[in-house]
Every structure is written in structure tokens, then in C-alpha cells.
Amino acid sequence: MPLKQFISGVAEFSANEVLQLDSEYQTYLQPLSGKSLALTLLPIEQTIQLQFTDSRIDILLPNNRADDVGSEIGSEVDSDCHLTIQLSALSQLRDTNQLTTLIKQDKLDIKGDLSVAQHLSALVNGLDLDLTEILTNKIGDVPAHSIMGTASAVVNYVKYVKQHFDITLGEALIEEKQLVASPLALANFSDEVTDTRYWCDRLAARLAILEKKQLAGDK
Amino acid sequence: MAENQSSSQPSNQTHFGFKQVDEDQKESMVAEVFHSVAAKYDVMNDVMSLGIHRIWKRYTIDCSGARKGHHILDLAGGTGDLTAKFSRIVGSEGSVTLSDINPSMLEVGKDKLRDMGLVDNIKYVEANAETLPFPDNSFDIVTMAFGLRNVTHKENALASIFRVLKPGGRLLVLEFSKPTSTVLEKIYDTYSFHLLPKMGKLVANDEDSYRYLAESIRMHPDQDTLEKMMQDAGFEGTSYTNLTGGIVALHRGFKY
Ligand SMILES: C[S@@+](CC[C@H](N)C(=O)[O-])C[C@H]1O[C@@H](n2cnc3c(N)ncnc32)[C@H](O)[C@@H]1O
Chain P
111 MPLKQFISGV
121 AEFSANEVLQ
131 LDSEYQTYLQ
141 PLSGKSLALT
151 LLPIEQTIQL
161 QFTDSRIDIL
171 LPNNRADDVG
181 SEIGSEVDSD
191 CHLTIQLSAL
201 SQLRDTNQLT
211 TLIKQDKLDI
221 KGDLSVAQHL
231 SALVNGLDLD
241 LTEILTNKIG
251 DVPAHSIMGT
261 ASAVVNYVKY
271 VKQHFDITLG
281 EALIEEKQLV
291 ASPLALANFS
301 DEVTDTRYWC
311 DRLAARLAIL
321 EKKQLAGDK
Chain H
227 MAENQSSSQP
237 SNQTHFGFKQ
247 VDEDQKESMV
257 AEVFHSVAAK
267 YDVMNDVMSL
277 GIHRIWKRYT
287 IDCSGARKGH
297 HILDLAGGTG
307 DLTAKFSRIV
317 GSEGSVTLSD
327 INPSMLEVGK
337 DKLRDMGLVD
347 NIKYVEANAE
357 TLPFPDNSFD
367 IVTMAFGLRN
377 VTHKENALAS
387 IFRVLKPGGR
397 LLVLEFSKPT
407 STVLEKIYDT
417 YSFHLLPKMG
427 KLVANDEDSY
437 RYLAESIRMH
447 PDQDTLEKMM
457 QDAGFEGTSY
467 TNLTGGIVAL
477 HRGFKY
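Line by line, the protein sequences give chains P and H.
Take the first sequence: its position 105, counting from 1, is numbered 215 in the working numbering, and each next residue is one higher.
Take the second sequence: its position 98, counting from 1, is numbered 324 in the working numbering, and each next residue is one higher.
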């Protein structure tokens, strides 16, 4: 099974499901409709192409194989905006202030219509995923609130248990320390045992004397 | 291999699954199969392939080089899975022609694509792949997914596709093929000859059609034979990729 296509299929499905969760998603998709954005990752030379319509996103992995006549990286790709970026710099892409630095360092190359990238960024940042509202739309007001109420009670309980566990554990550790007897305490304990044994022996001897006296009296 | 078997038969005989039938009968028998499976075709496709057909089709699209403004022919396109995605890629300047010999399959495809909101750039054409009703050099890409094995004279279909492709255009044939490992072949045989018809009976109440599908898969030419047939039809730069251990193969060829 082609693994990459499996992954892109799952990613496409998830992206579209997430989009549907925000009732405003079409507002953000509208300016992107009919446009496409390609992202080529270096050095792995994998291109991911996003194709937008006003209702969904398709994710493609344009495949240009070595046996294609005249093929070079990205030659199969024809998109409105094409970003080529070093994998190591990918995490910096979110920070728009870094873009110029990345371009200067040859870690990022942008070709085509930059507004596509800007609209995509607006879409990603604009999605407002209010869980209670989403549930309300799907299953109705009362169940949604009771689910969210239960969920927050569970979260609070977990927090409480965790906090409580932390305290108990702390105390237990202190107690544990005290249970591990010091040599002084051990010597003390052993003295007390010797004392007790002494008093027990004395008591036993007195009992024996009393017993003898009693027997003599009876006779 | 399988082709050799059929060419050793009297010239007016061909195979319909494992049966030998008159050549002029095959078309209507195939039509009957797809007419009867049309309504449940999509569900059965998912059930039979455990959903993997979607990934094979994704791979086909990723290899197609389709882009905005292209004119694409989805031949034997049935219920239009490839057409849907192509339609979004080529946009309003391009077009996708969903063509099939079977009106029932086309009708199911048309309904499905309309429900998806895809109307503007799709044409529906009922046609036999052997005698395509399009002018020479009309399409940038022709795809044929799981269709070629049902065609009576495959060499005629390949020649007809070659004619309608533009110079520089490419053909992609996605079709069941020969598993590369004998173990996989055994498992796959058991699955397709025992389990598949039963599933067909259970889900679509149509054991015979699904038995035909399994048999026709086995009678289809293997990877190298099909590549050779494409070259004989005039295609250049031909190649194929085995998918899922050769259960399916994607063949590509260019018209220069
Ligand atoms: C297994 S379906 C594949 C449908 C679709 N391409 C898919 O992958 O889901 C095979 C299709 O081939 C069509 N077909 C069979 N013989 C044909 C022919 N000679 N010309 C055109 N289409 C044909 C059938 O009607 C049927 O819709």
C-alpha cells in the first residue's frame, strides 16, 4: 500500500473534518477557491500540494519520478504559490517576522502569488473551534452542556486527584523517612526491651514466691 | 500470459471471467454485470478492497501530472471517483470527461458528482473504449481505472486512447495485476475466489457478478504483458509501479 498516499488521505480527511467544525470556514476558503499552494520540503524533495475549492481542501503529493522525461524537482507541480523550504526551518514558518531572514539564509524560496499563502495563514489562524458550540450544533443544547459539564467536572476531579496525590506522596515520603530508624532509636528500643524483660522476670519471680506461700498456707 | 491463452482460442471467442464466450456476447454480458452492481458499486468497492482502492486512486492522481486547464478523459470512469478530484484540480479553464459504456454506472456517477457540487467542468459521455467518439489529440491525460480488463479487444482500446491523446499526453492504467509473491498470491486467491463472491452475495445479493470480477482479474494480462501491449499501441516511456505487492499495478505511457 502506498504509505504516503495513505497519510495524505488521512490528512485530507482530517483537515476537511476540522474545517466543517467552524461554521465560518467558507468565509476563509472563499478567497482561496480555485487556487493551489505547493510546499516543497528539502532535502527530502517531497512536494505537498493543497488544492482549494470553496468547500474543501484536496491534498496531493505530485509524483515526478526519475524516469519522467525532463523531470526535475517540482517540475510536475503547477500551483499559484510555491514555497520551497528546508525541513529544519519549517517550524520557523509560522513566525512571519522570520520570513525575510529565512529567505536571506536560502532556507526559504517563495514563487508566485503570495496572497495565497496569506489567505491560508488567515484560514489556519481564523478557525475558531468552540467545542461547546460544535457539540450544541451536533447533538443539541442540553446534552452538549451536560457533556461539557461532565467533561469539566472530570478535568477538575483529575486535577484534584493529582494535587491530592502529590500531597499524600509528599507526606508519605516524610513518614517513610521517619520509619527508617536511626541507630540511636534502635539502641533506645533495645534498652527498653531489656528493661521490659527485667521487669517481666522480676514479676515472674514474685508470682512464683506468692504461689509458694499460698501452697504452704493451704497445707 | 493470459492474453496468450485468449489468442490461442478461435478468433471469435474470448473469455468472460473463466468462461469462453462469443466475442460479440462479452460486451453485453459485461454490461449486465455493471448494470446489476451499479447502485451498490461504491459500497462494495470499499468493502471488497477494505477501502484501499481509495489509496490506489490517490496514487494514480498523484502520478497524473494533472493541472489547472487540463482536459482529462476518465475512461470506464464508472461512478466517477477520479473525475471528482480531477474536476477540482483542472478548475473552470479545464474539463473532465467521464466516459463509460454503461449508462447505469454513468447515472450513479452523475448523481454522486452533482451531490458533491461538481457540475461546471464535467461532461458525461456514454462510449465504448474501443471506439472513442472524440477527435484526435483531444486530451492531456487519459485514465482508465479498473476498466481495461472488461474490454473485449484491449488492443483496440489502447489504440483508440492513443489517438485521442494530445502529443505529450499520458495514459494511466490502474488495474488488478499479478502479485509479486507466491504467498500473497495464495492469500489473495483464497480471498477473491471464496470470500469475495460471498461478500457480494451478502452486501449486494449478487454472487455471480462478484465471481466474474474475481475471475476477470485473474484473466487480465500481467504487468509486463500489459506494458508490451501499450508499447505496441504506440506509447513511449512506458513504465509500471506495483501497488500492494502487485495486487494492483499502475501503468503509464506517453504519446510523443
Ligand atoms: C470496475 S468498474 C471501474 C469504475 C471506476 N473507474 C472505478 O475505478 O471505480 C469498470 C467499468 O468499466 C466499464 N466498461 C466495461 N467495458 C467497457 C468498455 N468497453 N468501454 C468503456 N467502459 C467499459 C464498466 O461499465 C464499469 O463501469
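Note that these hints are calculated values from the structure, not bench results.
Model, not experiment: these values are computed from the prediction.
Note that CB positions come from ideal geometry on N, CA and C, so glycine has one too.
Take these hints with a grain of salt, some might be off.
Sample of chain P residues facing chain H (criterion: CB under 7 Å; computed from the structure) [claimed, not checked]:
#1 112
#2 170
#3 188
#4 199
#5 202
#6 203
Cross-check of the supplied hints:
no.	hint	verdict
1	112	holds, 5 Å
2	170	holds, 6 Å
3	188	holds, 4 Å
4	199	violated, 25 Å
5	202	violated, 28 Å
6	203	violated, 23 Å
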